[in-house]
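Residues in the sequence shown are numbered consecutively from 1, following UniProt numbering.
Quick caveat, the hints were computed from the structure, so don't treat them as lab data.
Predicted, not measured: the structure shown is a model, and the values here were computed from it.
Don't take every hint at face value.
[Claimed, not checked] The calculated label-pair distances, taken between Cβ atoms and stated as ranges, are:
#1 M1 to K39: 29 to 37 Å
#2 K22 to M1: 40 to 48 Å
#3 N2 to E35: 35 to 43 Å
#4 Y44 to M1: 14 to 22 Å
#5 D30 to M1: 36 to 44 Å
#6 K18 to T43: 21 to 29 Å
#7 E23 to N2: 44 to 52 Å
#8 M1 to A24: 45 to 53 Å
#9 I3 to N31: 34 to 42 Å
#10 K37 to N2: 24 to 32 Å
#11 I25 to N2: 19 to 27 Å
#12 V15 to K41: 38 to 46 Å
#13 N6 to Y44: 16 to 24 Å
#14 D30 to N6: 44 to 52 Å
[Said to hold, decoys possible] Cut-off 25 Å, straight-line C-alpha distance, at most; resulting in silico cross-link-like pairs (DSS-like, lysine-lysine):
#15 K41 to K27
#16 K37 to K22
#17 K39 to K27
#18 K27 to K37
Beta carbons are placed, not taken as given, at the ideal position from N, Cα and C, and that holds for glycine.
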Amino acid sequence: MNIELNLGISIGIAVANKPSTKEAIFKSADNALYESKEKGKNTYTI
1 MNIELNLGIS
11 IGIAVANKPS
21 TKEAIFKSAD
31 NALYESKEKG
41 KNTYTI
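Could you build all of it, start to finish, from the sequences and the hints given here?
Printed below as a string of structure tokens:
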């Protein structure tokens with residue numbers, strides 16, 4: 001059985017340059033993820 005599967009991925013990346021809470025870092029990554037989703041498939045935002 002041959003199955004073709006096409007995937008698209010959007011990635012949000014956060015960098016902690018100063019002391020931050022984990023919640024702040026996750027929120028930054030989440031914001032970057034949604035920015036990537038707005039740009040379209042197969043993209044990343046830092």
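Are there hints from earlier that the structure breaks, and if so, what are their numbers?
The structure breaks hints 4, 11, 12, 14; every other hint is satisfied.
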